[in-house]
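Let's have the full structure, built from the sequences with the hints guiding it.
In the working numbering, the protein residues as written are 1 to 100.
What the hints contain is simulated information worked out from the structure, not anything from laboratory work.
Using N, Cα and C, we set each Cβ at its ideal position, and we do this for glycine too.
Do not take every clue at face value.
Claimed, not checked - Derived Cβ-Cβ restraints for the label pairs, each shown as a range: (1) D35 x V72: 16 to 26 Å; (2) N5 x V43: 34 to 44 Å; (3) E18 x R71: 23 to 33 Å; (4) V72 x Q32: 26 to 36 Å; (5) V4 x H38: 45 to 55 Å; (6) K47 x T21: 33 to 43 Å; (7) Q32 x M59: 17 to 27 Å; (8) S2 x E44: 17 to 27 Å; (9) I41 x E3: 48 to 58 Å; (10) M7 x N61: 17 to 27 Å; (11) Q32 x R58: 12 to 22 Å; (12) I41 x M69: 29 to 39 Å; (13) A31 x R6: 35 to 45 Å; (14) M69 x T21: 12 to 22 Å.
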Amino acid sequence: MSEVNRMKTEFVSFATHELRTPLSNITEAVAQVVDGLHGEIGVEQKKILEIAHRNCMRMGNLISELVDMSRVGSGKIEFGKTFDQVNQQPDRKLDGGRSV
Numbered sequence: 001m002s003e004v005n006r007m008k009t010e011f012v013s014f015a016t017h018e019l020r021t022p023l024s025n026i027t028e029a030v031a032q033v034v035d036g037l038h039g040e041i042g043v044e045q046k047k048i049l050e051i052a053h054r055n056c057m058r059m060g061n062l063i064s065e066l067v068d069m070s071r072v073g074s075g076k077i078e079f080g081k082t083f084d085q086v087n088q089q090p091d092r093k094l095d096g097g098r099s100v
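In structure tokens form, the structure reads like this:
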């Protein structure tokens, strides 16, 4: 592995760890409040916290994708799908039942 790739891998590893640790704490805390584990909350507060929870989950997914992209770029992961597997996706339907 070249020095540049090693440095990139180390940076991604450090950055994702530093992002995931507080994000996990925030996500869990928000989920506990939404679930009422720390007392009752109002409807409006619950809506806002549910949005925050969804955004935390979305950010977690983005971090995971960053890690996956880094692994693919460094050759640690290879794609395993063949063209035939990709073609086996179910048809999507538009208005009127037409296939896409």
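So, going through the hints one by one against the coordinates:
1. D35 x V72: 16 to 26 Å: At 36 Å between Cβs, range violated.
2. N5 x V43: 34 to 44 Å: violated (51 Å)
3. E18 x R71: 23 to 33 Å: violated (18 Å)
4. V72 x Q32: 26 to 36 Å: Given range 26 to 36 Å: holds, Cβ gap about 35 Å.
5. V4 x H38: 45 to 55 Å: Given about 47 Å between the Cβ atoms, the range holds.
6. K47 x T21: 33 to 43 Å: violated (27 Å)
7. Q32 x M59: 17 to 27 Å: holds (18 Å)
8. S2 x E44: 17 to 27 Å: The hint (17 to 27 Å, Cβ to Cβ) is violated, given that S2 and E44 are roughly 53 Å apart.
9. I41 x E3: 48 to 58 Å: holds (51 Å)
10. M7 x N61: 17 to 27 Å: holds (25 Å)
11. Q32 x R58: 12 to 22 Å: holds (19 Å)
12. I41 x M69: 29 to 39 Å: holds (37 Å)
13. A31 x R6: 35 to 45 Å: 37 Å Cβ-Cβ, so the 35 to 45 Å window holds.
14. M69 x T21: 12 to 22 Å: Holds: the Cβ-Cβ distance is about 20 Å, inside 12 to 22 Å.
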